[in-house]
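Residue numbers (the numbering used here), protein chains in the order written: chain Z, 1 to 380; chain P, 1001 to 1300.
Honestly, the hints are just simulated from the structure, not real lab data.
Some hints could be false.
To be clear about the criterion: a stretch of chain P counts as covered by chain Z if any three or more of its residues have a C-beta under 8 Å from a C-beta of chain Z, and this derived list gives those stretches [claimed, not checked]:
1. 1055-1068
2. 1210-1219
The following residues of chain P were derived to be distant from chain Z, with all beta-carbon distances above 12 Å [stated by the list, open to error]:
3. Ile1104
4. Phe1112
5. Pro1133
6. Asp1136
7. Ile1144
8. His1169
9. Arg1171
10. Arg1177
11. Leu1188
12. Ser1198
13. Leu1229
14. Gly1257
15. Ala1264
16. Leu1280
17. Ile1285
Interface residues of chain P toward chain Z, partial, derived using beta-carbon atoms under 8 Å [stated by the list, open to error]:
18. Ser1010
19. Thr1013
20. Pro1123
21. Asn1124
22. Asn1146
23. Asn1192
24. Ile1193
25. Asp1223
26. Ile1226
27. Ala1230
28. Ser1268
Heads up, the beta-carbon is just placed ideally off N, CA and C, and yes, glycines get one too.
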Amino acid sequence: MRKIGAMLLALAVTLPPAGLLMAQAGQETLKIGYGGALLGNLASYGLSGFYGMEYAVLKANAQGGLLGRQVEIIREDDGCDPALASSAAAKLTGSGVKLVLGHTCSGATASALSVYGQNMLLISPSATEISLTEGAGNPYFFRTIMRDDAQADLQIEFVKKRGYRKVAILHDKGDYGKALADRAKAGLEGSAGGPEVVLFEGVTTGQVSYDAVVSKLKNSGAEVLLWGGYYSDASKLATQMRSKKVATVIVGADGLKNEGYLKMAGEAAEGTFATGPADLSQSLKKPVRASEALADHQKRHPTEEIGPYFFYSAAAIEALFSAVTKAGSATDLAAIKNHLQNDDVETLLGPVRFDAKGDIVGSQAVMFEIKGGQFVEVEL
Amino acid sequence: MELFRDLFISGLTKGSIYALIALGYTMVYGIIALINFAHGEIYMIGAFTALIASVILGQLGLAGWGLLISAGAVAAIYAAMYGLTVEKIAYKPLRHSSRIAPLISAIGMSIFLQNYVQLAQTPNFLIFPDLVPEIDFLAPIAHIVNKNQLIIWLVTIFLMAALTLIVKHTRLGLAMRAVAQDRDMARLSGVNIDRVISATFVLGSALAAVGGLLIGCYMQQIDFYIGFLAGMKAFTAAVLGGIGSIPGAVLGALVLGFAESFAAGYISSDYEDVVAFVLLILILIVRPGGLLGQTQTQKV
Chain Z
1 MRKIGAMLLA
11 LAVTLPPAGL
21 LMAQAGQETL
31 KIGYGGALLG
41 NLASYGLSGF
51 YGMEYAVLKA
61 NAQGGLLGRQ
71 VEIIREDDGC
81 DPALASSAAA
91 KLTGSGVKLV
101 LGHTCSGATA
111 SALSVYGQNM
121 LLISPSATEI
131 SLTEGAGNPY
141 FFRTIMRDDA
151 QADLQIEFVK
161 KRGYRKVAIL
171 HDKGDYGKAL
181 ADRAKAGLEG
191 SAGGPEVVLF
201 EGVTTGQVSY
211 DAVVSKLKNS
221 GAEVLLWGGY
231 YSDASKLATQ
241 MRSKKVATVI
251 VGADGLKNEG
261 YLKMAGEAAE
271 GTFATGPADL
281 SQSLKKPVRA
291 SEALADHQKR
301 HPTEEIGPYF
311 FYSAAAIEAL
321 FSAVTKAGSA
331 TDLAAIKNHL
341 QNDDVETLLG
351 PVRFDAKGDI
361 VGSQAVMFEI
371 KGGQFVEVEL
Chain P
1001 MELFRDLFIS
1011 GLTKGSIYAL
1021 IALGYTMVYG
1031 IIALINFAHG
1041 EIYMIGAFTA
1051 LIASVILGQL
1061 GLAGWGLLIS
1071 AGAVAAIYAA
1081 MYGLTVEKIA
1091 YKPLRHSSRI
1101 APLISAIGMS
1111 IFLQNYVQLA
1121 QTPNFLIFPD
1131 LVPEIDFLAP
1141 IAHIVNKNQL
1151 IIWLVTIFLM
1161 AALTLIVKHT
1171 RLGLAMRAVA
1181 QDRDMARLSG
1191 VNIDRVISAT
1201 FVLGSALAAV
1211 GGLLIGCYMQ
1221 QIDFYIGFLA
1231 GMKAFTAAVL
1241 GGIGSIPGAV
1251 LGALVLGFAE
1261 SFAAGYISSD
1271 YEDVVAFVLL
1281 ILILIVRPGG
1291 LLGQTQTQKV
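When you get a sec, could you build the whole thing from the sequences and use the hints?
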C-alpha cells in the first residue's frame, strides 16, 4: 500500500504543472513569463489576462512559434500582493525569463518592477496606476491598458455633465485606489466654479462595519460618491448606504467593475456607475478577430469568462512578438523597446504603438451603469 | 446632532461585536494567562459555519427566526468544538513550559486556521444571506437603526447577562473564579482544572461564533481573513478594559467602538485606527492594568 502511495507521489512530482504549455520534444523553448493573480479574491482579473496571453501564444505556436522556437509560458502567482509579487518576480528572473506579461494589479507591479530592475521587459494588460509610467520608472515597462488618469478624468467629466454640485471621494488607502482618488480630487478642485469636494477620506478595508463613514457621507450631503478601490469594499459600502437610505450615486472605476460587485451588493448595486476599459466583446468598437478569439477561448475553457483584460493581454502578446521578430532577438531589450515604440502593430485592438513613457497610444475609458444586474455601456 | 446620533449607534454596534469576541480573550487570559491569538479565527469559523448551516437548514424548510437561531446554535456548537480542539492540541501540552511557548503556538494556530479555511473553503468573498427577518415596528426608522443593529445589541446584552449568571451563580463559574485566583489552590480543593479550562474555551468560542453570525448578516459578505482585524480589535478592547476582567472587556469594547466611530466621524476615517490605539496607549500609561483591571503585585 505504501509503495503505491510512493509511486503515485513520484508520478505527481514528475508531472508538469497543469496549464503549462508543453513544447515539441527535442527543441528548446523560448520562455515567456506571466506574473499576476491566479489565486485569491482578485484572481478573476489575473486569469482574464492569462487567458488572453494563452490564446495569443498558442496561436503563435501553431504558426511556427517565435524566432523559430516554440513559446512556453512560465506562470507565477502574486495574488495581487506586493510582497508575493517580489518573490514571484525573483522566481521569474531566476528561471531565465526576459519577457513578462504582467503584473495584474498596480501595487504588485510596482513591487515586481523594483526586483526586475533593467533586466526584464514587461507589458501589463491591467495595471492602471499612473506612476508606473511616470518619472524614473522602469524603462522596459509598457501597458496596453489606459492609465487611471483616463478613468479619473472621465469621472470628473461625468460629474460635471450630470450637474452634480457636491462630491464625496473615498478610497481604500491602496496604491491603486488612492492614486485614482487623488487625481479626481485634484481635477475637481482645479476647475473654478466647478463641483465642490465635501468629503475626502481613506477607509480601512476589512473593518467590522462601515457605518461611521456612511453616516459621515450622509451628513456631508454629497450627491455623488467617487470610490477609489476594489469591488469587495465597494459592495459593503453600497449595501450599508442603501440600508441607511443614503441615495448618493456611487461611481467607481475598473476595480469596481467586477461580477463580484453585482453578486455581493445585489439590489444595492443597481444604478452604480463605473469607468473601465471598453468591454471589447460587446462594444461597438468590436476588435478585429474578436469572435474568433472568443470561440477559441471557449473551446479551451468552456466554463471560464474571458474577463475584462483578455483582449488587452492578447494584443500585448501580439505586439511583443511582432517587436521581438523585428528585433531578431528575444533578449535584446533595447531593440525590442525601440520597435514597440516606433512601429504600429496590427493586433486584436487594431494598430498598437507605445509612447515614450510606455503607455499605449490612444486607448480610451468608457462609463458603465448597472442596469438590470448588468454593466451596460452608457453615454456620459 | 443627527451625525452624533448616527455615530453613536454605529459605535454601539461595533462595540457590541468587539465585546462578544473580547470576552473570549479575557476569559482565557483570566484562567491560564494566555493570549489566545487564534480566537479571531474562531470568530471567522463561526461565520463560515453559520453560512453553511443556514444553507442546509434553509433547504430543510426552516425560515425566519427559527433559521437564524438554529444557524446560530450550530455555529456556536461547531466553533466551541474548534475552540476545545485548539486548546487540547496547541495549548494543553505547553501548559507547564515557559510563557512564550503557548503564545507562539497560538499565533501558529491562527495562521493554520486561516490557511485551512482558505484552502478548504474558498479564497474569495462569500455572500452571506441576511438571516434576520424584517421587524415591522423598525421599518419607519430603518435608516437610523436597522434590524441587524437592534439584533446585535439585544443578543449581546442577553449573552452578557447569561455569562454573568454562569460566572457568578453556578458551580462552574465558582470553579472558574477559583482557578483564575489560584490554580494550585483550586486543584488542591478538588477542582478539575482541565475541565474548567476546556469550559472556558467552549464558552468563549461560542460567543465569538455568535458574533461571526451577526456580523455576517449585517455586512452580508465574509472571507477567510475577517478574523484577523476583528480579533486584533477585540484583543485591544480586552487589554483596554483590563485583561482578565469580564466587565472590563465589555467596557473596553464599547470604549473602543465609540472611539473609532467618533474618530471616523469627526476627524477622518484615515485616523480611525490611530485614535483607537493612541487611546489604548494613554489608558495604559495612566492605568497599566486597564480600565477595570487590577494592577498585579509581583509575588516573590
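key: Hint check, failures only   = Per hint list: 1, 7, 13, 14, 15, 23 and 24 violated.
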